[in-house]
Amino acid sequence: MPKLHKLALCYLPVNRWALKVFTRNLFVFRKTWTTNLAFNIVEPLLYLAALGVGLGMLVDDIEGMSYTQFIAPGIVATSAMWAAAAECSYDSFVRMHYQKIYHAIVATPINLREVVTGELLYGTFKSVLSGSVIMVVVAALGLVPSAWALLTPLVLVLNGMAFSQLAMIWTGIVPKIDNFAYFFTLIITPMFLFSGVFFPLEVLPPILQQLAWLLPLYHIIVLLRSLTMGLVSIDLIYHFLWLLIFILVIFPLPQYLMRRRLIK
Amino acid sequence: MVQLIVKAENLQKNYNGFPAVAGIDFQIQKGQCFGILGPNGAGKTTVVAMIYCFHPVSGGKLTVLGHDVNDDPRAIKKRLGVVPQENNLDLELSVRENLLIYAGYYGITRDVAEKRAGELLHFFGLSAKADQEVDKISGGMKRRLTIARGLIHSPDLLILDEPTTGLDPQSRRLIWDHLRSLKKKGLTLILTTHYLEEASQLCDDLIIMDKGVILDDGKPAGLIKKQVGTKVLEVEVEPARRNNLVGSVEHLISGYQLAGSTVYLFVPEDETEAVKVLNASSYVNAFQVRPANLEDVFLKLTGRGLIYEDDDNLENHRHAQTS
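Quick note, the sequences are listed as chains F and R, same order.
Residue 264 is where the first sequence ends in the working numbering, and the numbering goes up by one at each step.
Residue 323 is where the second sequence ends in the working numbering, and the numbering goes up by one at each step.
Because the hints were derived from the structure by calculation, they are not lab data.
Even glycine gets a Cβ: it sits at the ideal position worked out from N, Cα and C.
Heads up, some of the hints might be wrong.
Unchecked claim - To give a feel for the contact side, a few chain F residues facing chain R, derived at Cβ under 7 Å:
hint : residue
1    : Pro-109
2    : Ile-110
3    : Ala-140
4    : Arg-259
Could you build the full structure based on these sequences and the hints that come with them?
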């Protein structure tokens, strides 16, 4: 029972102190956003152009969608995933390890759990922002037929939180900044390739289809593709709940690892 | 009635079983500048990190500003300021923005923060640099800014962990001036340092630590008088004759230290008799008399900083006798 009580403590840092850490990052972002955001937006659009327009010429319609239309929601989701993953890995590591910002903040009334939570909120913000911007561009290109797409930011919040947490877990573990390469090669890139962004998972052997169910990005893409195409059904609740439970279950982990790393 | 700002009772800290702080007691009173002296690895930073509630205590009791560190770190941290050993400023932000962002962590409103930041920038001579990016100001200025940042919420206690390490002598003296005027205003300061001049210039009271324990404590002048005396004779002598030299003045000194070809003789009161002996001696190459300082105390207590030959006899002799 006392263990359970301790676990509950991990959810308390979603509070006004964590918001101060978020505000700090937002303040810095306001000074640097031009370089920051452009990078996050240009790359996904290059993918969309090369694969949608180029490869799309060779591919038949999928489930009644043009190939560009098919991959567009996936490009939105993956760019948002990359934004969160990069923010809470490389950028958080720089703040924690090189700039010692975490040390500076925990000397104030804010504690380390709140610092981690604030970082996750900021990673989520960056993710929702870049995903939404791509969504607007994609919609402007006429690739989004349904008004359900207006719910995109909500899905992107789940996306941003899930990948911010996964990245922050690595930030709590890696000895050196170079070690993030493993995180991207072993987790983010396979997620990018096998979550149904570029082809429907039905073409894969059943065992791989089942494995894809374990990937958070798979659920995000199902949600986003259904919303943008207006294919809304009660089944979407399962994907939503899967993500919500995933986020809540791993939520204590980044805090635990960061405390273990910094507090002796 | 003197108010206690910090009280440590049998304070302990273990890192994976290694005792970094091995049960120490000390008290810090309001308005004091309290020094924690020791070589690298003595446990100084660990002690202050426990005071500002970064590292949890492993044993004993630590009360800061009236709260037990285990009970309410937030209440303690609201009322103390920290100047860490390594600068951890926001490099992307300007000098002023660094102060404003930090004020935000304490929940200080923007108006109050602006006013307070302006005062602090003026006090630390940084007004002209207020809008510069922190990356572009000098090391001494970064240090002053870090101290200003630690004061943004007008704390009751300021903790400085090696505040002048790595600075040039001029910047160091400037920081000492600032710390002295803060002390005059009644602020309580805790200072860790391995610069003995810094400790003697600033500290009212200090503890000397090594390997996690307190070797001695007191006021700088009192410690010098008690451990060393008033004068030190630095004697150049043939290494082979060092024991002869020490033997010939043993009754006149309170202790001694050996370092290469130099012998430091600690004289409790009057050096006249000892000087006579040295003048008469055939194997003394040269000697000089100087006032005893904190450095002598430190070296005597820690035995560090001096190079000893691998000679068991000499090692044994270095334990100076206290009269």
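Structure-based check of each hint:
no.: 1; hint: Pro-109; verdict: 5 Å, holds
no.: 2; hint: Ile-110; verdict: 6 Å, holds
no.: 3; hint: Ala-140; verdict: 32 Å, violated
no.: 4; hint: Arg-259; verdict: 10 Å, violated
The structure is inconsistent with the numbered hints 3 and 4, although it conforms to all the rest.
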